[in-house]
Amino acid sequence: MSARTLPLLFLNLGGEMLYILDQRLRAQSIPGEKARKDEWTDVDRKRVMNDIISTMFNKKFMEELFKPQDLYSKKALRTVYDRLAHASIMRLNQASMDKLYDLMTMAFKYQVLLCPRPRDILLVTFNHLDAIKDFISDSPGILNQVDETFRQLIETYNCLSDGEFQLIRQTLLIFFQDMHIRVSIFLKDKVQNSNGRFVLPISGPVPWGTEVPGLIRIFNHKGVEVKRAEFTTAGNYVTPQREGSFELYGDRVLKLGTNMYSVTRPVETHMSGSSKNPASQAKENIVPNPLAKEELNFLARLLGGLDIQKPAGGETGFRLNLFTSDEEEEHAAQTRPEELSYKVINIEATQEPGRRAELSRILGELEVAEPRPGSAEKGEDLLALMDEL
Amino acid sequence: QAAWCELPSRVLLVLTSQRGVQVRPGGDWGVPRGVGPSPWVTQTCSLPAHSVFARGIAAAGGRFICVGTSSGAVLVFDIPPKGTNVTLSEVLEQHRDPITDIAAEQGQAPDGAGDLVTADDSGTLCLWSTEEEFTLLGKIPGSGSTCSSVTLWNGIVAAGYGNGQIRLWEAGSGRIRAQVSAHARWIYALDLAPLTGKLLSGAEDSFVHVWKLSRNPDTDDIEIQHCHAECVTDTQVCGARFCDPTGDTFAVTGYDLSEILCY
Chain D
4 MSARTLPLLF LNLGGEMLYI LDQRLRAQSI PGEKARKDEW TDVDRKRVMN
54 DIISTMFNKK FMEELFKPQD LYSKKALRTV YDRLAHASIM RLNQASMDKL
104 YDLMTMAFKY QVLLCPRPRD ILLVTFNHLD AIKDFISDSP GILNQVDETF
154 RQLIETYNCL SDGEFQLIRQ TLLIFFQDMH IRVSIFLKDK VQNSNGRFVL
204 PISGPVPWGT EVPGLIRIFN HKGVEVKRAE FTTAGNYVTP QREGSFELYG
254 DRVLKLGTNM YSVTRPVETH MSGSSKNPAS QAKENIVPNP LAKEELNFLA
304 RLLGGLDIQK PAGGETGFRL NLFTSDEEEE HAAQTRPEEL SYKVINIEAT
354 QEPGRRAELS RILGELEVAE PRPGSAEKGE DLLALMDEL
Chain H
656 QAAWCELPSR VLLVLTSQRG VQVRPGGDWG VPRGVGPSPW VTQTCSLPAH
706 SVFARGIAAA GGRFICVGTS SGAVLVFDIP PKGTNVTLSE VLEQHRDPIT
756 DIAAEQGQAP DGAGDLVTAD DSGTLCLWST EEEFTLLGKI PGSGSTCSSV
806 TLWNGIVAAG YGNGQIRLWE AGSGRIRAQV SAHARWIYAL DLAPLTGKLL
856 SGAEDSFVHV WKLSRNPDTD DIEIQHCHAE CVTDTQVCGA RFCDPTGDTF
906 AVTGYDLSEI LCY
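Protein chains in written order, with this note's numbering: chain D, 4 to 392; chain H, 656 to 918.
No lab work stands behind these hints, which were simulated from the structure alone.
Since the structure is predicted, the reported quantities are computational estimates derived from the model, not experimental observations.
Keep in mind that the hints are not guaranteed to be accurate.
Taking lysine-lysine and the BS3-like style, the derived pairs with C-alpha atoms no more than 27 Å apart in a straight line are [said to hold, decoys possible]: (1) D/Lys230 <-> D/Lys136; (2) D/Lys225 <-> H/Lys737; (3) H/Lys794 <-> D/Lys63; (4) D/Lys63 <-> D/Lys49; (5) D/Lys77 <-> D/Lys63; (6) D/Lys63 <-> H/Lys867; (7) H/Lys737 <-> D/Lys230.
With the Cβ distance kept under 10 Å, some of the chain H side facing chain D (calculated, not the full set) [as the list claims (entries may be wrong)]: (8) Phe708; (9) Asn818; (10) Thr904.
Example chain D residues on the side facing chain H (calculated, C-beta under 10 Å, incomplete) [said to hold, decoys possible]: (11) Pro121; (12) Arg154; (13) Gln155; (14) Gln169; (15) Val215.
Backbone N, C-alpha and C fix where the C-beta goes; we use that ideal spot for every residue, glycine too.
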């Protein structure tokens, strides 16, 4: 397994999350003057995006991320995104957060699977970063943070060999193995089958550096070509036009990793217990202490480094719904198949008293009140939070 | 990775992982053992400190098992005809990049051709003779593409690459004898049927191809012909193996696939 996979996993999943949040915020936003106090405006949306992106690209966070290490467990990673999604005034119910995470992971799984060359995973990452820079184009401070990370990506990854990229790709594919959640937008575009598996096209441009299959060349013992033969297959491939750019700026050519959501295309998932091997998923769920000690420490350090903004007095906390209505969200929460539930970690303190104190302190600072089920007003969450202080 | 290694004295199952290398005797799978002391006697060898994983397994020289590592070193284990005393006999250090695959001669090697080939991430191939000790006979430098899998038959090295090409090299001279634009994606698996010279290739493009290698002993012409193509719809093929030495049947595995498909 590759110890350099985590930054790519984190940044690409983060990128997908931002695409989805941006789409939902736009879909639910009301022009500024007409908005009531509990409705989204463009200003709110920009603020949420700025807050989340700025948290995501926090300097200390990135330093930790880029250190060679194994991937987190699925649960640990999910917790990081939970915190990230709540890094601003926005709140998500469990059902919406679950759906967000499903969409993020299936989208990136698709991108990794369809990457023509292993190294193209870097182009996918660059596509996400290009789009993120667009989201915060009028905030030079945050733009700087993102560019810094961009440069670090280039420095760390541009020199890796194909073999090393393939190992990274395999590490990612193992992480996503057996996930077959059906996504509406994928089903509609026919990139996913109704059984949850992605469509792998056997036509189109071959990867850069690969020849169109079909030619056999024979050489004699002096190295001179003496014969040519051809064979045909069902595939219908063509030569690619050009290679994508691996520089800070440039045409990536590859479309994977660009924003496939728009305001008019709702994001939906179909919940299906689609794992053919529920036993393997069940095994993960019954592990009593899901976090190994090292992961726990690292996670605590990361979370400690996250500058979580709490809604200050006078500001309102907004709730975002990833479904089209609150009733739908409630229904989704109740009908989610057991094997697909993300058991979000309750971080248990370790045995050592020193660590426990430190962790408790960090957790205390991060504590976010769960919105009461069924509450539809943005403001109510803030009141609930203040009640508990 | 896992591979059955057939030695004249016994058959062994070799497993590689991040933890190291495990060598287990091929047992009588059909007999239920029940609960009790494990009937398997396993030897676990950990990897040299600078290696991160082991990859590439082959039986060689009648009594050795070779395992590649991510540092480029090839570990040679001496297997006694009986018992569990597996010892590390040699470490071959000719590769500078992680080993991807190792293959032993499955047919009849012509003189001077060597009987073992090792491949790495950079596409470099090393040819070895395992007669008295392991001796490097030649090196074929890589040309930019990872050699992901390799087989050796009658002195012909068949190598599959990350850019979808299959190349045939003459083991004795190190010269290229054929180049095939075989697949549109990374080739994951190559297998050879030693009785007929059939070659099987499986890749991420969903295709499995059957080829026929031939070598004319008089003219020394080496040829490869395409026999058959099979598309495993919507599946990235990760493994492909002939089920018999004539190559009449083969099995395929793929990513996210919990089944083994037999053709």
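Status of the hints after comparison with the structure:
1. D/Lys230 <-> D/Lys136: violated, 53 Å
2. D/Lys225 <-> H/Lys737: Roughly 47 Å separates the two Cα atoms, so the pair is violated.
3. H/Lys794 <-> D/Lys63: Between H/Lys794 and D/Lys63 the Cα gap is close to 46 Å, so the pair fails against 27 Å, i.e. violated.
4. D/Lys63 <-> D/Lys49: holds, 24 Å
5. D/Lys77 <-> D/Lys63: Answer holds: D/Lys77 to D/Lys63 is near 22 Å, not above 27 Å.
6. D/Lys63 <-> H/Lys867: violated, 57 Å
7. H/Lys737 <-> D/Lys230: With a Cα-Cα distance of about 50 Å, the restraint between H/Lys737 and D/Lys230 is violated, given a limit of 27 Å.
8. Phe708: holds, 7 Å
9. Asn818: This interface hint holds because 5 Å falls under the 10 Å limit.
10. Thr904: violated, 21 Å
11. Pro121: Since the shortest Cβ distance to chain H is 7 Å, the answer is holds.
12. Arg154: Nearest chain H Cβ about 26 Å off; hint violated.
13. Gln155: This interface hint is violated because 22 Å lies over the 10 Å limit.
14. Gln169: holds, 7 Å
15. Val215: Check passed: Cβ of D/Val215 comes within 6 Å of chain H, closer than 10 Å.
Consistency with the previously given hints fails for numbers 1, 2, 3, 6, 7, 10, 12 and 13, ordered from lowest to highest.
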